[in-house]
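Generate coordinates for the entire structure from the input sequences, incorporating the hints supplied.
According to the UniProt record's numbering, the sequence shown is numbered sequentially starting from 1.
Do not rely on the hints blindly, as some may be mistaken.
[Stated by the list, open to error] Here are the simulated BS3-like pairs of lysine-lysine, each with C-alpha atoms no more than 30 Å apart in a straight line:
1) K112 <-> K98
2) K60 <-> K270
3) K45 <-> K126
4) K112 <-> K126
5) K252 <-> K196
6) K196 <-> K60
7) K62 <-> K98
8) K196 <-> K45
9) K252 <-> K226
10) K118 <-> K95
11) K129 <-> K152
12) K262 <-> K152
Source of the hints: derived by calculation from the structure; they are not laboratory data.
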Amino acid sequence: NFSASYSITRYLFLSVAKISDTLNYPIISYKDEDFTISKDYENLKDLLRPNHADYPARIKFKGFNDIRGGGHFSGRITLPLIYAGAIAIDILEEKGVKIFSHIKRILDIKDKSFLDFKELDLDKFKNLKENSLPFIENDLEDKTKELLEKIKLSGNSVGGEIECACFNLPVGLGSPFFDSLESKISHLAFSVPAIKGISFGIGFEFANILGSEANDLYYLDNNEIKTRTNNNGGILGGLSTGMPLVFSVVVKPTSSISLEQKTVNIKEMKEDILKINGRHDACIVPRVLPVIEAVMALAILDEIL
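So this is what it looks like as structure tokens:
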């Protein structure tokens with residue numbers, strides 16, 4: 001477990017459901033969390049924390065922003081995405097649609113991509129749901145644990161890249177222009193704190209290759225139209241192609257680190273030194289994986305329905 005900011009959490013669903021149907025009420029859940037230590041933030045209220053939303057939020061909300069745990073800029077706000085995404089994933093699986101994600105990169109540790117597989121065996125990806133550090137290549141887990149422990153002991157943090165894929169999609173989901181499939185997924189993805197970039201298929205690698213290398217060539221497989229490569233990640237013109245939908249997101253390093261940092265005391269308007277104490281993750285990438293799967297599921301289900 002690489003999460004230092006753990007808590008004892010209880011979830012209570014307040015609305016009523018009968019068998020598989022809701023009774024026409026909103027589904028409401030309540031999250032009760034113990035072990036939240038507000039005093040960890042007392043000495044930070046006037047010190048702007050680098051890479052947090054403290055400064056723009058303080059200006060926008062005229063000083064009424066709550067910095068404890070990040071307030072509503074915290075990763076905790078992704079809980080509703082997880083709830084809704086879990087339901088969406090179940091519905092999609094009934095339709096044969098499968099979603100998987102894995103850690104694609106942390107510093108110099110790089111995993112294979114879903115795009116590397118010419119023949120897809122979804123059973124190969126089932127273990128991704130069970131591992132605390134999901135990699136397609138199993139031998140990367142121990143190396144990553146060692147790296148994260150070293151970073152944690154140094155008082156620093158690290159980000160990474162997550163790749164998510166959706167299999168068995170019908171052709172033609174999405175729309176051109178504002179409601180393209182990329183637009184819908186990106187809109188949801190950037191609601192997740194710490195996400196700073198997204199790309200589809202090979203993404204920015206298109207800048208390094210020629211059109212003859214970039215084009216996904218069509219062929220017939222038992223009278224089904226497929227492409228020999230999937231550089232575009234299963235989307236063309238904002239529409240699904242029937243190939244696996246693959247995108248990657250970049251997660252920035254955890255902003256709260258225990259090293260001393262230069263900052264500004266906004267109350268006294270002078271430069272100061274910031275020292276953050278408390279329980280903070282050295283790497284939040286493993287915790288973001290299920291949120292990104294939820295993002296994919298919600299965007300896809302919205303199109304299918």
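Status of each hint after checking the structure:
1. Straight-line distance between C-alpha atoms of K112 and K98 comes to about 19 Å, which keeps the hinted pair within the 30 Å bound.
2. A hinted pair counts as satisfied when its Cα atoms are at most 30 Å apart, and K60 with K270 qualifies at roughly 21 Å.
3. For the suggested pair K45 and K126, the alpha carbons sit about 44 Å apart, so the restraint of at most 30 Å is broken.
4. Proximity of K112 to K126 is assessed by CA-CA distance (about 15 Å); at most 30 Å being required, the pair is judged to hold.
5. Under the criterion of a C-alpha separation no larger than 30 Å, the hint pairing K252 with K196 is consistent with the structure, at around 7 Å.
6. Note on K196 and K60: the hinted pairing holds, with a Cα-Cα distance of about 21 Å set against a maximum of 30 Å.
7. A C-alpha spacing of about 45 Å is found between K62 and K98, which places the hinted pair above 30 Å, so the restraint is violated.
8. Restraint check: the Cα-Cα separation between K196 and K45 comes to about 25 Å, which is no more than 30 Å; the hinted pair holds.
9. The suggested pairing of K252 with K226 is violated, with an alpha-carbon distance near 35 Å, which exceeds 30 Å.
10. Among the hinted pairs, K118 with K95 is consistent with the structure: their alpha-carbon atoms are about 23 Å apart, no more than 30 Å.
11. Restraint check: the Cα-Cα separation between K129 and K152 comes to about 25 Å, which is no more than 30 Å; the hinted pair holds.
12. Annotation: proposed proximity of K262 to K152 holds, straight-line Cα distance about 20 Å (limit 30 Å).
Hint compliance for this structure: hints 3, 7, 9 are not met, and every other hint is.
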